[in-house]
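Once you've looked at the hints, dock chain U with the ligands against the given chain V.
Those sequence lines, one after another, are chains V and U. Each residue of the first sequence is one higher than the one before, starting from 1 at the first, in UniProt numbering. Each residue of the second sequence is one higher than the one before, starting from 1 at the first, in UniProt numbering.
Calculated directly from the structure, the hints in this document are not laboratory data. Take the hints with a grain of salt, since some may be wrong.
Claimed, not checked - Quick list of in silico lysine-lysine cross-link-like pairs, DSBU-like style, CA-CA up to 35 Å: (1) V:K261 to V:K240; (2) U:K29 to V:K43; (3) U:K11 to V:K124; (4) V:K43 to U:K142; (5) V:K43 to U:K143.
To be verified - Example chain U residues on the side facing chain V (calculated, C-beta under 10 Å, incomplete): (6) K11; (7) E12; (8) R58; (9) Q62; (10) P64; (11) V104.
Where is the CB? At the ideal position from N, CA and C, for every residue including glycine.
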Amino acid sequence: MATYNYIDPVNANLVCCICRMPFIYPYTTTTCAHTFCRDCITKSLETTSQCPIDRLPLREANLQPAGPIIRSLVDELLVECVNRHLGCMHTCQRQLMPVHISNSCPFESIPCPDQDCKEMIFRKDANQHRDSHKTMLCNKCGEDIQSIGLKAHGSACSGRFTTCEFCESELEHSMQASHLVVCQEITVACTHDIDGCAWEGKRSELSAHLTSCAYHAISGFFAINKARITALEDENAVLKRRVDTLEALLRMAGCELQAAKIALGPWYHYSLNLHPQLHLPTELPFDLQPSSASTSQNGSDEQVGDNPVGPSSVPSEHPDILASFFPNEDLPDLPRLPAPPRVPSISSTTSSQGWESFTVNNTGIRQNLHNAVAPLNLSTTLEGSLEALRQSIVTISTSLDSLGRRNDIALTNETFRINEEIMSLKANMHGLRMQVHAILMDRNAQVIRRVQDSQDGWPAPQRFPGSIQSSGPGTKL
Amino acid sequence: MTSISSRRLSKELMEIQNGGCPVGIDLEKADDFQCWRFSLEVMGESLYQNEKFTLQFRFDQQYPISSPAVQFVQTEGRQIPVHPHVYSNGHICASILGNEWSPVLSVIAVCVTLQSMLASCREKRRPIDNDRYVKHAPDNPKKTQFQYDDDTV
Ligand SMILES: [Zn+2]
Ligand SMILES: [Zn+2]
Ligand SMILES: [Zn+2]
Ligand SMILES: [Zn+2]
Ligand SMILES: [Zn+2]
Ligand SMILES: [Zn+2]
Ligand SMILES: [Zn+2]
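Excised from the complex, chain V in its bound form (with noise of 0.2 Å):
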């Protein structure tokens, strides 16, 4: 950034503390509303992380141009031009001066707009300097010189006249180029030698020669010649040019086709049947001919009949238990849903068999278990498969949906009947607990009066089978 001379005093509080000079720039800080040059702040903020003028903590994150006012105010001091010791006498505000340097100051040094010249010059000297890079003519040897060189030619130049070496006459070195095209000494071929004629000889001797030259005599017709042979080259350039133009097309529509190949997949050979009428030439690299198309495509009518599309075999997945719980709520629904786009073409009443399987199959469901899911129909257009597996997606989650809610009402019911098997089984446990214990009491009971009634023996084993049986290894009860 230049350095200006400020005309009038500035105001203190438009000075950067760090470098003395009214602000270039300016940024104030966030922390302590101190202003600064950006450079001068930026630069003492690489040493030092502090204010300079507080000390407090500052980083380059906490600076902000400073307001829109102060930047004015500095902006408009008026200031010197930079070329003033030069002799620019121009004043003006601070931020004109950029453009009074680039654009019109006198005393700016701009490069010499000629590419060979690498001096520096002042803008008002730019025209004078241009002059001096005119051209002229020595006027004794008729050399090119410029006027700069001038002094330094003077020595050097050749000399005013000159002789020309065919016919020895004298002439000035201006007129040496001119005088060569007329000499009558000078040794010329032929005005018909492009056309094959071989004489060569003086220039005065050429009218002689024309007069006997055969080429000369038929000049007529080269010209003619001439002429068709530019016109057939002209056209050739034209046609080789469109030649170009047509192979570019060609080689791009190859590849959007091939694009398109990839993109359609197996639905490419059906979209060629789509048009037959479309008549490819026989060296294009398709194997389907329009004929064998109509018997494949009565073919895929047939299989499309045997096997339902996807939505049909959906509800098969109900278990066939629960069937009496819940009535078909949705599924006389299901033919109602949009059928696919009716094509303009023999597929569509493929399309509406398969729709038409489905609402069948609704009785035979049972039969389809495992078949769960209907191979594509490559027979339909693309667009009309891809509404087609929507519907199916629709469906599926619609049947996927009902069949939760089928699911979740008979885990409860289950659960509950479960539930209360479990209770009575628990009731009966109890009944059996309760008689088993009323048993043994029965039994403790006689146990306890036989012991009383023989006080004198040992007790025998055999008096107590129960508690032999019930803590013995093998016991079965």
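Just chain U with the ligands, lined up with the frame of chain V:
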């Protein structure tokens, strides 16, 4: 191309020439923007009555972002002041010349600070490590890492 440091120093020089120096301080030499010399006198009651010292400033291209190299020098008839923070080679241990330098400070501000440093001195003696320091001291006092331990003087 005039550097930022010479722009700033020419500004300071102009202020000194127009406004004069504070009492007891005089600019003696400022021929270039590399080295300036001031004469320094302590005014009023002090241990340095009737003594005059020469203070030398050396500036680098980074001034005022980086501090000037300031030291007392021996000139005809003038000695290095005897002071607990001034080494016998003229180097000064003062924090504002080191880590507390700020680009908003100026040559005159440094002169005034050192003047008051001398004025507040109670005991004329050299720093404790004077001999050791002077033996190894670099020519430029800025290359020394001083410990600013004493705030009283
Ligand atoms: Zn601050
Ligand atoms: Zn600044
Ligand atoms: Zn100008
Ligand atoms: Zn030029
Ligand atoms: Zn000449
Ligand atoms: Zn001639
Ligand atoms: Zn001829």
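Pair hint K261 (chain V) and K240 (chain V), alpha-carbon separation not exceeding 35 Å: holds, 31 Å
Checking one constraint from the list: CA of K11 (chain U) to CA of K124 (chain V), max 35 Å. Satisfied? The hint holds at about 32 Å.
Are K29 (chain U) and K43 (chain V) close enough, with their CA atoms no more than 35 Å apart? Holds. K29 (chain U) to K43 (chain V) sits at ~29 Å (cutoff 35 Å).
Hint validation: P64 (chain U) versus chain V, beta carbon distance must be below 10 Å. Holds or violated? holds, 6 Å
For the hint on K11 (chain U), does the least C-beta distance to chain V fall short of 10 Å? Where the cut-off is 10 Å and the nearest Cβ of chain V is about 5 Å from K11 (chain U), the hint holds.
Minimum beta-carbon distance criterion (10 Å), R58 (chain U) to chain V: violated, 18 Å
Under the criterion that the straight-line Cα-Cα distance not exceed 35 Å, is the pair K43 (chain V), K142 (chain U) satisfied? Holds - the C-alpha atoms of K142 (chain U) and K43 (chain V) are around 19 Å apart, at most 35 Å.
E12 (chain U) was flagged as interface toward chain V. Is the shortest Cβ-Cβ separation under 10 Å? Check passed: Cβ of E12 (chain U) comes within 7 Å of chain V, closer than 10 Å.
How about V104 (chain U): closest beta carbon in chain V under 10 Å, or not? Holds. Min distance 4 Å.
Run the distance test for K43 (chain V) versus K143 (chain U): straight-line Cα separation, threshold 35 Å. holds, 21 Å
Hint Q62 (chain U) vs chain V: min CB-CB distance below 10 Å? Nearest chain V Cβ about 8 Å off; hint holds.
Checked against the numbered hints above, the structure violates only hint 8.
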